[in-house]
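Asker: Sequence:
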Amino acid sequence: MVGENRRYERYARPVDPETETEASALRTIAGLLEGGTALITDRRLAGRVAEIFRATAVELSAGRPVPLPVRRSVRRTADTVRGLLDPRRRSEGGG
Numbered sequence: 044m045v046g047e048n049r050r051y052e053r054y055a056r057p058v059d060p061e062t063e064t065e066a067s068a069l070r071t072i073a074g075l076l077e078g079g080t081a082l083i084t085d086r087r088l089a090g091r092v093a094e095i096f097r098a099t100a101v102e103l104s105a106g107r108p109v110p111l112p113v114r115r116s117v118r119r120t121a122d123t124v125r126g127l128l129d130p131r132r133r134s135e136g137g138g
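Note that the sequence shown ends on residue 138 in this note's numbering; no numbers are left out.
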C-alpha cells in the first residue's frame, strides 16, 4: 500500500501510534462491514458506512484534522459496530 495516496503525501504529517491504531481499527471494521454481516443486511448501506470509516482513517493516517464532532461520531459508531460484531459478546449471552 506504499504510495497509495501519493498526491496527499506532501501534505501528510507524522501521526502518533494511538492515532494510527485508531485509523487501523476503522479500516478493519470497514472491511468487516464490506464482507457482509448480519448486523447491516443491506449491502449498499454497509458499504456506505464502511466508506465513512475508511475516509476518516485516511485523514487520520495522513495527519490531517478531522473535526472533533465528526471524529467522536465516527468513533462511537465504530465502537458500537465493533461491539455488536464481537464474537465473544455473542457467546457470552447466547449460551
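These aren't lab readings, by the way, just hints derived from the structure by calculation. Note that the structure is predicted; figures quoted are calculated from it, not measured. Here a beta-carbon is modelled for each residue, glycine too, at the ideal position from N, C-alpha and C. Be careful, since some hints might not be right.
Taking CB as the label site, the calculated pair distances span [claimed, not checked]:
| no. | residue 1 | residue 2 | range |
| --- | --- | --- | --- |
| 1 | ASP85 | GLU61 | 30 to 36 Å |
| 2 | ARG132 | SER67 | 26 to 32 Å |
| 3 | ASP59 | PRO112 | 18 to 24 Å |
| 4 | GLY106 | THR84 | 15 to 21 Å |
| 5 | GLU77 | PRO130 | 31 to 37 Å |
Asker: A range of 30 to 36 Å was offered for this pair. Does it hold for the Cβ distance of ASP85 and GLU61?
Answerer: 33 Å, holds
Asker: Could you check the hint for me, namely that GLY106 and THR84 are 15 to 21 Å apart, CB to CB?
Answerer: Distance hint for GLY106, THR84 is violated at roughly 36 Å.
Asker: Assuming the hint says 18 to 24 Å, is it satisfied by the Cβ distance from ASP59 to PRO112 or not?
Answerer: 21 Å, holds
Asker: Does the Cβ-Cβ separation between ARG132 and SER67 fall within 26 to 32 Å?
Answerer: Cβ of ARG132 to Cβ of SER67: about 21 Å, so the range 26 to 32 Å is violated.
Asker: Is the gap between the beta carbons of GLU77 and PRO130 within 31 to 37 Å?
Answerer: 18 Å, violated
Hint compliance for this structure: hints 2, 4, 5 are not met, and every other hint is.
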